[in-house]
Amino acid sequence: MVASASESRASLSLYEPAMDFLDDNSKFEDRAILIASKFILGISNLQRRTLSSLKREVKILLSVSHRPCHLEACTMSETPTKSEVAAVAKRIVKILVGKGLSCYLVGGVASMLWGTSRTPNDVDIVIPTTDYNAEEIKRLVARADPRFHLIPSKNPRNTYKVTWFEKARSTDASLLRCKVDFLVPPTLNVPSLAEAHIVRKAGLPVSPLLPLLLLKRQAWEDHRWARYTDLRAKQHTDVADITELLEIAVREGVRVADAPWLSSLFLSAARRRVQSYVVQYYASRRAWRELGFTVV
Numbered sequence: 002m003v004a005s006a007s008e009s010r011a012s013l014s015l016y017e018p019a020m021d022f023l024d025d026n027s028k029f030e031d032r033a034i035l036i037a038s039k040f041i042l043g044i045s046n047l048q049r050r051t052l053s054s055l056k057r058e059v060k061i062l063l064s065v066s067h068r069p070c071h072l073e074a075c076t077m078s079e080t081p082t083k084s085e086v087a088a089v090a091k092r093i094v095k096i097l098v099g100k101g102l103s104c105y106l107v108g109g110v111a112s113m114l115w116g117t118s119r120t121p122n123d124v125d126i127v128i129p130t131t132d133y134n135a136e137e138i139k140r141l142v143a144r145a146d147p148r149f150h151l152i153p154s155k156n157p158r159n160t161y162k163v164t165w166f167e168k169a170r171s172t173d174a175s176l177l178r179c180k181v182d183f184l185v186p187p188t189l190n191v192p193s194l195a196e197a198h199i200v201r202k203a204g205l206p207v208s209p210l211l212p213l214l215l216l217k218r219q220a221w222e223d224h225r226w227a228r229y230t231d232l233r234a235k236q237h238t239d240v241a242d243i244t245e246l247l248e249i250a251v252r253e254g255v256r257v258a259d260a261p262w263l264s265s266l267f268l269s270a271a272r273r274r275v276q277s278y279v280v281q282y283y284a285s286r287r288a289w290r291e292l293g294f295t296v297v
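Numbering (the working numbering), first residue to last: 2 to 297.
The set of hints was computed from the structure by calculation and includes no laboratory data.
Any given hint could be a false lead.
Only pairs whose alpha carbons sit at most 30 Å apart, straight line, appear in this in silico DSBU-like list of lysine-lysine [stated by the list, open to error]: (1) 155 to 180; (2) 202 to 180; (3) 100 to 235.
Here are the computed distance ranges between Cβ atoms for each label pair [unchecked claim]: (4) 153 to 231: 15 to 23 Å; (5) 252 to 173: 36 to 44 Å; (6) 84 to 146: 17 to 25 Å; (7) 152 to 229: 12 to 20 Å.
Values in this document were obtained by computation on a predicted structure and should not be read as measured data.
We put the beta carbon where it would ideally sit given N, CA and C, even for glycine.
Assemble the whole structure, with the sequences as input and the hints as a guide.
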């Protein structure tokens, strides 16, 4: 049986700093109190918790659960700016390189660095390694910088953690939150690129245009047939990114024949996907042909 808000407040007396924190913020919704109480009481070694860490964890939990946060010290985060997302990416790269790991950016950040107009709201980074899996890399990054937090998946059946970077903005004290996805090949069919084929943009390691474009095309297909509505909605963003990346690739003179370092399996799957994309977006046919794809 779910405890009432008053019972939850009583239970919090086990941890006086937590009680003070909640009582000092009377605008806290009852539902938020229940969530915070359950979370706090589930933590072992309560005596070792500091008030600052408690505040941070409650803020993260409320944000992940999509509950409004009325705490003065917990202003709702806005969409990250391009410079903020780039700064988060630079911090991740610095940590990984410092650990001797090669890496490169894909997704929205890589597209932005190649010149697309959309501001990404997360960071997708590939680590071509056989020494670590994605969960180990997440823990490595979180240990190196406490601003990276590992949050359990919303789906209790999933054992993986979701990585969020969190930092209070110095300008207005709002909360910058940026999701980070760590990909270890062959997860999601991402290629394992050698260091020689990774491009540098604004001081960051970035996927070359061709595999970046083909991964975006793959994402469009995955989102198009996704089970959940929010994922299906992403296909429209994918199309906008693909359209701009195609223009940039044609302008840059990208050709499939110039990328023999991409595996035949990756390119074979890409050719099939390009044809299905052209069926839906026939106007893109000419651009794909200029890149060297055979489309009808």
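Against the structure, the hints come out as follows:
1. In summary, the hint linking residue 155 to residue 180 is supported, as the alpha carbons are separated by about 14 Å, within the 30 Å threshold.
2. A C-alpha spacing of about 21 Å is found between residue 202 and residue 180, which places the hinted pair at or below 30 Å, so the restraint holds.
3. Of the pairs offered as hints, the one joining residue 100 and residue 235 is violated, with about 33 Å between alpha carbons and a cut-off of 30 Å exceeded.
4. Evaluation of the 15 to 23 Å hint for residue 153 and residue 231 yields a pass: the beta carbon distance comes to about 19 Å.
5. Here the CB-CB span from residue 252 to residue 173 is close to 38 Å, well matched to the stated 36 to 44 Å.
6. The supplied range of 17 to 25 Å is met by residue 84 and residue 146, whose beta-carbon atoms lie about 18 Å from each other.
7. Separated by about 19 Å at the C-beta atoms, residue 152 and residue 229 satisfy the suggested range of 12 to 20 Å.
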